[in-house]
Amino acid sequence: MSNWIEVCPLDEIDEEDVIPFNHSEQTFAIYRCPEGEVFATSGLCTHERIHLADGLVMNEIIECPKHNGRFNYKNGQALGAPVCEHLKTFNTKVENDVIYLELNTQ
Amino acid sequence: MNSMLIIGAGEAGVRAALKLRELNSSVPITIIEMEKGDPYERPPLSKSSLTAELFEPKNIVTKAQLTEQHIQFIDGVLVESIDAQAKQVTLSNHKKLMFDKLLIATGASARTLPFANASEEDLEHFVFTLRTASDCQRIRSKVLAGQKVVLIGAGFIGLELAASLQAQQIKVTVLETQPRILQRAVPEAVARILHQAHHQNGTEIKLNSSIENVTFDHQARITLSSGEHLDADWLVVGIGSIPNINIAQQAELEIDNGIKVNIQMQTSHKDIYAAGDVCSFPYTVTQQRVRLESWRCAQEQAEVAAQNMLGGRKVYDLAPWFWSDQYNLGLQMVGLPLGATHSVTRLLGESSCLHFEAHSDGHLLSACGVGVGNQIAKDIKLAERLINQRKTVSIEELADPYVKLKDLLKK
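Just so you know, the protein sequences line up as chains D and C, in that order.
Just so you know, we're using this note's numbering here: the first sequence kicks off at -19 and counts up by one.
Just so you know, we're using this note's numbering here: the second sequence kicks off at 528 and counts up by one.
Everything labelled a hint here was simulated from the structure, so no lab data went into it.
In this text, all values refer to a predicted model and were calculated from it rather than measured experimentally.
The C-beta atom is built at its ideal place from N, Cα and C for all residues, glycine as well.
Please note that a few of the clues may not be correct.
[As the list claims (entries may be wrong)] Among chain C residues calculated to face chain D with C-beta under 7 angstroms, some are: (1) Lys563; (2) Gly564; (3) Gln596; (4) Lys905.
[Claimed, not checked] With a Cα cut of at most 25 angstroms, we get these calculated DSS-like pairs of lysine-lysine: (5) D:Lys54 with C:Lys933; (6) D:Lys68 with C:Lys585; (7) C:Lys669 with C:Lys733.
Chain C on its own, in the form it takes in the complex (with noise of 0.2 angstroms):
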């Protein structure tokens, strides 16, 4: 009887898994986990699972409907290692099991700074990252109305985290090098709106700032290279995150940024495959190679493996789609702007924009929006149709707000 393995029980591993399961009713399936408890949602971390009263992680599924599925769940135990020829890992209990078919899910780890100055008590007092259950929960211990706290980068999980926090009377300061926020992440329209919503709610974002030296004594005092000091009781860094690629190096898997797969989310070795933040997979409308963190991609990703896994032919080649909530505001985007020559926004009011760019013959590439709640939510699944089904669109439509997307999706 095949066996199926998988490494990991965040969105990736434990979707895999079900799917696994609804289409083969028998086939012995087995998740290993390093972090102990049901899985869980990570996206809510860094939103309603701070600012709740309680702490209730949204789980994926619980271990008890795992039981019931017949989905063997081993959790609190690390994978060593793989053995690739002999199709066998190694736990951190010493115990063994073998595999036919193998999915690598272990996500990413947030990036630190080096702090040299810190000893292990201060980075424990003053120093946070926000990836797991447990990030969350170290975070939450900390919060104190009143409190001054500095946020190392304006990427989605110190923005996200600034809402959050400042919404518990938490003065915020975000610290970003580059020039705007979200740099490489949102067209600038887009980054607009958000920095608006940021400041017009009290967090102060410092563009242009690089850190300089960080001390700590009775709080975390921050010299940034323009030789200004800024005082905090606490610190996180989002500056980004570092695929969970040690096990799939050692046993010798091919690495580019992320666990290199093919379109199959098949890795270099035709047994084990690998989905999710690990993954960097060749993105079928450019075949450009990237590596994304997306719940949602994520999910796909790993339903495409699991039919591979099985022996189908699946391929994964839809348009990512990404979320994220501040303040009273939504944005989504979806597809890449990978190749783009052509791009447009179309403004919705002060708080709302939608921008697209597109290939010069015509092919819609990607596509963000934001405004109150799910305001754009429609013109963005729209607009995934759009890249999903290859249409070709022009640029003055996609300008004009009273062209609708439904319209040009039906031509």
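So here's chain D without its partners, still in its complex pose (with noise of 0.2 angstroms):
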């Protein structure tokens, strides 16, 4: 069964940026690619938990703002040390301009 949240309007993400969305003591990094396209993933660095919305978004890689773990966020692959455990990505879409969030569904 699908889980649709919404979790913000479009234009509240910069193109090429990220932004924190916490639902249910969950945390999810939002993601704006430079073409537009909406991404989500976890939002905690698989390295030593600090939030990823505070790191730099460059094309389709988010650098974890403490040190340096490299992902990319479309399918959540780390990049090499000391990043070696993958994200977690999330389902988004875009409807009349407000980014949805699907929780996995167990």
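Two chains, each in its own frame: build the complex with the hints.
As structure tokens, then:
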């Protein structure tokens, strides 16, 4: 069963940027890529659980604000030391200029 | 078959081993480490490792993971000597190991003071330094709320410790001989914000204070050259470090502050490399030789060394990056201000600023920022790219908080 939750209006995220989003004890990072598409990953870096939303987005890469762990936010892939564990990703959609995130259903 | 030998399982040693394995699935790799146990990250030792309820070092890798990668890990053993000509090392257990390529990643040791009046026992009870997991555990075992502790040196170790101890209801006094904190490390605007945070959190920082004498009884009694006395339950000395160059010196490798390497991380012996806190290297932007203590530098240099040990010709030419956490503030800096002619500060609020240093030709040389949490992280990362891509910038734009660094990068 799909479980879509509303995140925020699309224009709250700059292009090639990221914001944090919290929903019932879970924290996410929501990205808008340079082409305008929206992506979502779990919010915390897999290295030291630092929130990624303070990190830098360049193209399809998010770099952790602390220790430079890099991930491809489109597929969650960890891109080398100090991170080796991939990021969890979530489906997103934009309807009427509002971003929605799909929570994983068990 | 070529064999790769690494001395030291800190950040540099371990990263080099992992990189070697990533690039070559069959070359024999051995790491020798004098401490016992899994290799661990050092930066948390003055931060979360001190304040966490349980002491749990953050492992870089575990022994099991090294075994999985077919990396031989010999811990609790010291390398006593290197025979550079025979390409062989002698260990404290009297074994000898041959190598084709060697990486020295022995790091640095904490500098301390002579404490002329102290017995071995006094030093054991009252005087601490912080460099290793066991140093951290020794300090943890001393911590009791309500104590008075004196930290000698307002460098990063001293100030991070001050914040961590203050959080545990210890009354902390930091002594510094210089007229301000982090005198050589960070620009004044950044230091001022950090100093203010220490003050607000109840840490006393005494500047321009040199120690005349320390005596030990049930407490440590410090006499300053001003004549003032301070009593402390214990002391931590944080006055910098000394590179661990003994075996390199004895092997007659060239030394200049640390083990001298070229931009390929190669020492004066073609088959011996060095990386991390133990080496001094030519900083490619200004050609000045520097020795740095930076977690990420250690990583990046080790990866360059690893590639070259396998016959590559990589160079280390990145802007070094460093961070510190104190209370709720995060500091980050990138690049080195060597040769800077212009400097400018971007004020971002009461407890946040970014400071830039540039060359008169418009090349950005360094950026240092402080702010709540990771507030300045993005800007420092952008500054890092501006430096590494040798972009030219205008001082006016750097000073203007409304100019986005990302736009400067895309110019």
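Structure-based check of each hint:
Against a cut-off of 7 angstroms between C-beta atoms, the interface hint on Lys563 of chain C is violated, since the closest Cβ of chain D lies about 23 angstroms away. Evaluation of the Gly564 of chain C hint against chain D yields a violated restraint, the C-beta minimum of about 19 angstroms exceeding 7 angstroms. Hint status for Gln596 of chain C: violated, given a least beta-carbon distance of 12 angstroms to chain D, over 7 angstroms. Because the smallest distance between the Cβ of Lys905 of chain C and any Cβ of chain D comes to about 5 angstroms, under 7 angstroms, the interface hint for this residue holds.
Taking the CA atoms of Lys54 of chain D and Lys933 of chain C, the gap is near 21 angstroms; set against the 25 angstroms cutoff, the hint holds. Proximity of Lys68 of chain D to Lys585 of chain C is assessed by CA-CA distance (about 22 angstroms); at most 25 angstroms being required, the pair is judged to hold. Annotation: proposed proximity of Lys669 of chain C to Lys733 of chain C holds, straight-line Cα distance about 23 angstroms (limit 25 angstroms).
Checked against the numbered hints given earlier, the structure breaks hints 1, 2 and 3 and satisfies all the rest.
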